[in-house]
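Participant: Below are the chains, spelled out letter by letter.
There are 2 protein chains.
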Amino acid sequence: MEKVVVESFTMDHTKVDAPFVRKCGEICTPNKDIITKFDLRFVQPNETAIPTAALHGLEHLLAGFFREELSDIVDISPMGCRTGFYLIVVGSRAEEDVLTALLNSLKKVLSSKEIPAANPVQCGNYKDLSLFGAKEYAKELVDLLQKKYNLK
Amino acid sequence: MEKVVVESFTMDHTKVDAPFVRKCGEICTPNKDIITKFDLRFVQPNETAIPTAALHGLEHLLAGFFREELSDIVDISPMGCRTGFYLIVVGSRAEEDVLTALLNSLKKVLSSKEIPAANPVQCGNYKDLSLFGAKEYAKELVDLLQKKYNLK
Ligand SMILES: [Zn+2]
Ligand SMILES: [Zn+2]
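Listed in order, the protein sequences are those of chains A and B.
Residue numbering for the first sequence follows this note's numbering, beginning at 49 and increasing consecutively.
Residue numbering for the second sequence follows this note's numbering, beginning at 49 and increasing consecutively.
It should be emphasised that the hints constitute simulated quantities derived from the structure, not laboratory data.
There could be a bad hint or two in this list.
Copies of the same chain look alike in the list, so a pair counts if it works inside one copy or between any two.
[Said to hold, decoys possible] Straight-line distance between alpha carbons at most 27 Å, and here's what the computed DSS-like set of lysine-lysine pairs gives:
| # | residue 1 | residue 2 |
| --- | --- | --- |
| 1 | Lys175 | Lys63 |
| 2 | Lys195 | Lys80 |
| 3 | Lys71 | Lys156 |
| 4 | Lys155 | Lys71 |
| 5 | Lys175 | Lys71 |
| 6 | Lys183 | Lys71 |
| 7 | Lys80 | Lys200 |
| 8 | Lys80 | Lys187 |
| 9 | Lys196 | Lys71 |
Just chain A, with the same shape it has in the complex (with noise of 0.2 Å):
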């Protein structure tokens, strides 16, 4: 059997700079669709990981939000590392698309007034959930991409 490689092992997580948006995977469908994986990545790895309750709120509320900015979105899952999502889209993207459906997304969860499916018939966990934490998160992290991506 083909050796298996998880492409996310293969970057070097001392070298990343946080928060950024990265292309980090491509994939060709049997009939030539693109399936495109970007790295979301909010905090420094292995200095910070976003606590459960704030990383479960921004999932809740991104998996709305962003589906209003980005079209052909597959899937937008919380890394088990807690310092970012992966973000999941049928075709190409460029980063910078990806960027700006991410900041437009932010500044929704910053005015939001409460967590979407937050009971538990719609969450499997919804006693863990924070308006609070995603907020604070989702603010410094308009804030570092927009200074960053000089934006602002």
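We have chain A; now place chain B with the ligands onto it with these hints.
Facilitator: Just chain B with the ligands now, kept in the frame of chain A:
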């Protein structure tokens, strides 16, 4: 703008009986390929949540093992609620095939001597990894899945 529906918010989490493998979504690409999403639910929603180090450890272990068992995997990511993982594959796939792949992967977890990529270069939070925790959850899960699906 069209109302955005997040698929996972439409399942009634109070009605399910974990653990289970559930096909939870199919997306058709422009050139008519299918992308299938599976809900691999490890623990009962709103009753248990897998601690971060065990969940993160399972993420590292399953990333490689699942790709040895199943072709055309796009992603396997932990849920923000920490009750399971989402698996995304290119192509149509039956729940039974994913269940078999999951069981084989979990059995490989049980015989693992270390967590792959458990270092600051390859991981974003390498101190938050528990091989012990990953194995204990895997052991319980193998038992419960085999009982539930009459595989023993
Ligand atoms: Zn949730
Ligand atoms: Zn990791």
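Participant: Cα distance capped at 27 Å. Does Lys175 pair with Lys63 within a copy, between copies, both, or neither?
Facilitator: Only across copies: Lys175 and Lys63 sit 18 Å apart there, 36 Å inside one copy, limit 27 Å.
Participant: Please work out whether the CA atoms of Lys71 and Lys156 approach to 27 Å or closer within one copy, between two copies, in both situations, or in neither?
Facilitator: within (23 Å within a copy, 31 Å between copies)
Participant: With identical chains treated as interchangeable, where does the CA-CA distance between Lys183 and Lys71 reach 27 Å or less: within a copy, between copies, both, or neither?
Facilitator: within (25 Å within a copy, 32 Å between copies)
Participant: At most 27 Å between alpha carbons: which applies to Lys195 and Lys80, within, between, both or neither?
Facilitator: neither (37 Å within a copy, 41 Å between copies)
Participant: Could you place Lys80 and Lys200 in one of the four classes (within, between, both, neither) given a Cα distance threshold of 27 Å?
Facilitator: Classified as neither; 38 Å inside a copy, 41 Å across copies.
Participant: For Lys196 vs Lys71, is the C-alpha pair at or below 27 Å within one copy, between two copies, both, or neither?
Facilitator: within (17 Å within a copy, 40 Å between copies)
Participant: Using 27 Å as the alpha-carbon threshold, which applies to Lys80 and Lys187: within, between, both, or neither?
Facilitator: neither (39 Å within a copy, 40 Å between copies)
Participant: Should Lys175 paired with Lys71 be assigned to within, between, both, or neither, using CA atoms and 27 Å as the limit?
Facilitator: Between copies, since 26 Å is at most 27 Å while 33 Å is not.
Participant: Measure nothing new, just compare the shortest in-copy and cross-copy C-alpha distances for Lys155 and Lys71 to 27 Å and report within, between, both or neither.
Facilitator: within (22 Å within a copy, 33 Å between copies)
The structure shown violates the earlier hints numbered 2, 7 and 8.
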